[in-house]
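There are 2 protein chains.
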Amino acid sequence: MLIVQKFGGTSVANTDRIKNVARRVAKCRAEGHKLVVVVSAMSGVTDGLIKLAKEITPLPSEREMDMLLATGEQQTIALAAIALQTAGVPAVSLTGAQAGIVTDGVHTKAKIQNITPRQVHHLLDDGQVVIVAGFQGQTEEGQITTLGRGGSDLTAIALAAALNADLCQIYTDVDGVYTADPRIVPSAQKLAEISYDEMLELAGTGAKVMQLRSVEFAKKFKVVFEVRSSLNDNPGTLVKEETHSMESVVIRGVALDKNQAKITLVHVPHKPGVAARIFKAIGDAAINVDMIVQTAAVGAAEGTDISFTIDKPDLAKAQKLLESIQTDIGFKQAVAAENICKLSIVGVGMRSHSGVAAKMFESLANAGVNIDMISTSEIKISVVIDLAKGDTAMKAVHTAFLG
Amino acid sequence: MLIVQKFGGTSVANTDRIKNVARRVAKCRAEGHKLVVVVSAMSGVTDGLIKLAKEITPLPSEREMDMLLATGEQQTIALAAIALQTAGVPAVSLTGAQAGIVTDGVHTKAKIQNITPRQVHHLLDDGQVVIVAGFQGQTEEGQITTLGRGGSDLTAIALAAALNADLCQIYTDVDGVYTADPRIVPSAQKLAEISYDEMLELAGTGAKVMQLRSVEFAKKFKVVFEVRSSLNDNPGTLVKEETHSMESVVIRGVALDKNQAKITLVHVPHKPGVAARIFKAIGDAAINVDMIVQTAAVGAAEGTDISFTIDKPDLAKAQKLLESIQTDIGFKQAVAAENICKLSIVGVGMRSHSGVAAKMFESLANAGVNIDMISTSEIKISVVIDLAKGDTAMKAVHTAFLG
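Those protein sequences? They're chains A and B, same order as listed.
Those letters in the first sequence? Residues 1 to 403, by the numbering used here.
Those letters in the second sequence? Residues 1 to 403, by the numbering used here.
The set of hints was computed from the structure by calculation and includes no laboratory data.
Some clues are possibly wrong.
You can't tell identical chains apart in this list, so a pair holds if it fits in one copy or across any two.
In the DMTMM-like style, the derived pairs of lysine to aspartate or glutamate whose C-alpha atoms are separated by at most 20 Å in a straight line are [unchecked claim]: (1) K280 / D305; (2) K219 / D166; (3) K332 / E302; (4) K317 / D284; (5) K51 / D16; (6) K27 / D166; (7) K109 / E140; (8) K258 / E226; (9) K312 / E378.
Excised from the complex, chain A in its bound form (with noise of 0.2 Å):
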């Protein structure tokens, strides 16, 4: 088999775990499959070197960033190579530019455009084991780029793609995903697989395993990943594409995300265009808006109401913008509320079943809390309610569908 490995920074922290990471792959390498190995900047390093540039000025050239941090994953894959290496493997380091990564020119956030991976087949076809950097790539113009938070997996899944791997391996410090967080509810469970829309639900409800991009792009290239642990040799999490059977299972997990604020705007002027205007200016100020809940405008004399949540970070900003903005817009007031947090039930098998709402719904009135908000997608429901109840309501619903 050809298999594409990731490890990431705790995994490789310091020589010691990095020894760690060669006598695993080594392992793998003894039963016969053929290796690509993409790590991650050494835990620590990347951060020491964004501090390095804001000790010279807060805002350093995007470019120039890029060309810094850079040098973290550069140095992992060199000290990565020399543990194998001495574990009497052949191994050889790449940067993402020489594995044939490319990208748009989009610096600190850059997108993969295209992989031309001949370098890696010598290589693998050479007996060697190939040592990737993640999180990077370089423009047309060979200008080096980095791909952003969550980076390193996508590499591994781009590569896992461009190079038909028959898996991909994504190693961290959790032993795959569960039904729900097991430290808020103990009888959670590991879930064996998992299609990537639910991941992708999952992802972006709190459970923050992986970054939901590179969940699309898996999904997109039908790459199937295992997410599992470095610390262990437990059977991860498979992320794959929906399957029949997996349609029998109603709810695949719950999540929980305390991270977020809730802000509704009172008598916003019933009119067209005032919510895209709202959420433009929201927008281009790099907030993230995440449930927006409209309720339908009984009397247009007074305008409707409109609530979203956002991170809770942005909240201050957010108001202030809105503060600028409510004249001109016209609504009354903001109204805001850090308090409470957003419990999300994911599942493809919820298309077919229907009454999974109401199960919900009944199972949070049943433990006494109070929904304020609603959103539903096609296999998530998602409710706002009080952060105090938070662990409470996820234990109930959890009861309720997964036992």
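Given chain A, work out where chain B should sit, using these hints.
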């Protein structure tokens, strides 16, 4: 003017010093010059990376060491570009590879094969200050290489040659080249200019301002360069082709090398090929031999004596080696002396002035210094003397020739 400036590791040791370099570069640019700036790794960074590799294995692969160490300079160029931009100067960083520096494939001590500075020209024309990573290049095949000791000086001088620069400035922590070490000879003076050959001989005699190879490269491609301090605005020493006026100065400088040891082989058989076998064995062991003196054989029966000097740290290794070949070669004994030093006078003028050696020996005699070995070249006279007499001897010779 197009000027190439090179700043070493201590000049960029932290962000404050990098900001200092940026101020200096900005000032020079404000005077209307086009600038290419070559920087080394921040001092300590390279050693830290070597330490990481050695934690894994004492003998890491040289290819991977190049991959690892090249990150040091890459970090500095990014930070230097950020500092320049922050100072309001348009600046772009380039790795060795991006600057078009092509080397052979001898990892950790690659030689520059050619430079295609298309990108550098393009950026200069665009009004940018171009910051280039010293010490590194890439092979035709895209492998990252490093140039070995003194590599950043070499990058600067090679770029100056390829760009046909008007001047190359090597910024370091000394003010320039002196007639003698000012810490030993208080009357020593900074030289306004010096010829390549004199600089080479001085570099080879303990006045280690720069590595030999960079001076050789400059000589070969006729690159005029200035050695000057990054800590003040004093003019430095211009290193250039020999001019007629240089010959009117009999000697340029006095150098003292306390890092030498002497070995005398007693009663070496006086047969063809013996010396070759001895020095081949020593060369194969990577021990650098400096002076070699063989006294004329008078009584062929007893053989001749051969004395030579090596770097002091290599003495034990050399003694062991000589022991192992003693029977085979057939010399009687190897006598080692650590308490010696080498005193040299250098100057293109001595070619046209007779009596220079006599004057040197006389000044040593007057100072009560006994001469142990003598070796001469066209523009240099070196003597081996007692280590304890080194400083006295240097002062005496400096006074005799340079006041």
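Results of checking the hints against the structure:
Only within a single protomer do K280 and D305 lie at most 20 Å apart by alpha-carbon distance; the minimum there is 18 Å, versus 90 Å between protomers. Taking CA atoms no more than 20 Å apart as the test, K219 paired with D166 passes inside one copy only; the shortest distance there is 15 Å, against 57 Å between copies. Taking the shortest Cα distances, K332 and E302 sit within 20 Å of each other inside one copy (9 Å), while across copies they are farther apart (113 Å). Taking the shortest alpha-carbon separations for K317 and D284, only the intra-copy value of 12 Å comes in at or below 20 Å, while the best inter-copy value is 69 Å.
For the identical chains of this complex, K51 and D16 are inter-copy neighbours only, at 13 Å across copies versus 25 Å inside a copy, given an alpha-carbon limit of 20 Å. Taking CA atoms no more than 20 Å apart as the test, K27 paired with D166 passes inside one copy only; the shortest distance there is 18 Å, against 58 Å between copies. Taking the shortest Cα distances, K109 and E140 sit within 20 Å of each other inside one copy (16 Å), while across copies they are farther apart (30 Å). Taking the shortest alpha-carbon separations for K258 and E226, neither the intra-copy value of 26 Å nor the inter-copy value of 62 Å comes in at or below 20 Å.
For the homomeric pair K312 and E378, neither the shortest alpha-carbon distance inside one copy (26 Å) nor that between copies (78 Å) is at most 20 Å.
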